[in-house]
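K.L.:
Here is how the chains run, residue by residue.
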Amino acid sequence: AQRVTQPEKLLSVFKGAPVELKCNYSYSGSPELFWYVQYSRQRLQLLLRHISRESIKGFTADLNKGETSFHLKKPFAQEEDSAMYYCALSGRGGGFKTIFGAGTRLFVKA
Amino acid sequence: DAGVTQSPTHLIKTRGQHVTLRCSPISGHKSVSWYQQVLGQGPQFIFQYYEKEERGRGNFPDRFSARQFPNYSSELNVNALLLGDSALYLCASSFRDRYYEQYFGPGTRLTVT
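Here the protein sequences come in this chain order: G and H. Sequential numbering from 1 applies to the first sequence in the numbering used here. Sequential numbering from 1 applies to the second sequence in the numbering used here.
Be aware that one or more of the hints could be misleading.
Claimed, not checked - To be clear about the criterion: a stretch of chain G counts as covered by chain H if any three or more of its residues have a C-beta under 8 Å from a C-beta of chain H, and this derived list gives those stretches:
(1) 41 to 48
(2) 98 to 105
Claimed, not checked - So these bits of chain G aren't anywhere near chain H, every CB distance computed over 10 Å:
(3) Q6
(4) N24
(5) E54
(6) S55
(7) F59
(8) K65
(9) S69
(10) A83
(11) A88
These are calculated hints, taken from the structure and not from any lab test. Source: prediction; values computed, not measured. Using N, Cα and C, we set each Cβ at its ideal position, and we do this for glycine too.
The shape of chain G in the complex, shown without the other chains:
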């Protein structure tokens, strides 16, 4: 079954602390992995995708096919990082579809 699991509903860290948002997936094949972010009162927007292998706003994510994980990391959290983060995968399997995780709310405390 195709599935994206984000085990933490809420993650609270202090400003300047490292942050890691966990994402595990289940998919038979080669999916494309994404992280989307939704800031307060804004639309859902793409943060980064694994195929780009880039760092956006200091965030990085590495696809680990062995552990089927795509964790999002940032070495020093900022208050403006507080938002809802969704991990998602896209791929074929009964037709092309995108599957989102339940999301993790990140709260960065001053």
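Once you've looked at the hints, dock chain H against the given chain G.
P.N.:
Structure of chain H alone, referenced to chain G:
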């Protein structure tokens, strides 16, 4: 470009009624996807359309249907509404049908009473 637009913003319907939600993609985007987001959950995939053809379908009953028009705008239709259909319905557009960044609209909040 205003980005992806959706209408209406909010609506309230009664059980058993029918509803049509509308989405206009970003200019140049040929793919539209629909998602249902229930409070506390991530968006759940309903449909994807590309070049007016259905390319993907999620695990939703046949009461849900959609179509894409020649100008790439799209409609999502839900028949015989149930209380459980109350949710935020999101539309997203992308340049093509696969592996491209999706741009989301603000959503339509549907309440079924």
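K.L.:
For every hint, state whether the structure bears it out.
P.N.:
To see whether the hints hold, each was checked on the structure:
Counting residues of the region 41 to 48 of chain G whose beta carbon lies closer than 8 Å to any beta carbon of chain H gives 4, which reaches the threshold of three, so the coverage claim holds. Beta-carbon proximity to chain H at under 8 Å applies to 6 residues in the region 98 to 105 of chain G; the threshold of 3 is reached and the given coverage holds. Not every CB of chain H lies more than 10 Å from the CB of G:Q6, the least distance being 8 Å, so the non-interface label is violated. Against chain H, the non-interface label of G:N24 holds: every CB pair exceeds 10 Å, the least being about 14 Å.
The Cβ of G:E54 sits about 12 Å from the closest Cβ of chain H, beyond the 10 Å cut-off, so the non-interface label holds. With a cut of 10 Å on Cβ distances, G:S55 stays outside the contact zone with chain H, its closest approach being about 16 Å. Distance to chain H confirms G:F59 as a non-interface residue, since its nearest Cβ pair spans about 16 Å, more than 10 Å. In this structure G:K65 is separated from chain H by more than 10 Å, as the shortest Cβ-Cβ distance comes to about 17 Å.
With a least CB separation of 17 Å from chain H, G:S69 remains clear of the 10 Å interface cut-off, as annotated. For G:A83, the shortest C-beta to C-beta distance to chain H comes to about 14 Å, beyond the 10 Å cut-off, and the non-interface label holds. Taking the minimum C-beta to C-beta distance to chain H, about 8 Å, the non-interface status of G:A88 is violated against the 10 Å cut.
Going down the numbered hints, you'll see the structure goes against 3 and 11, while the others check out.
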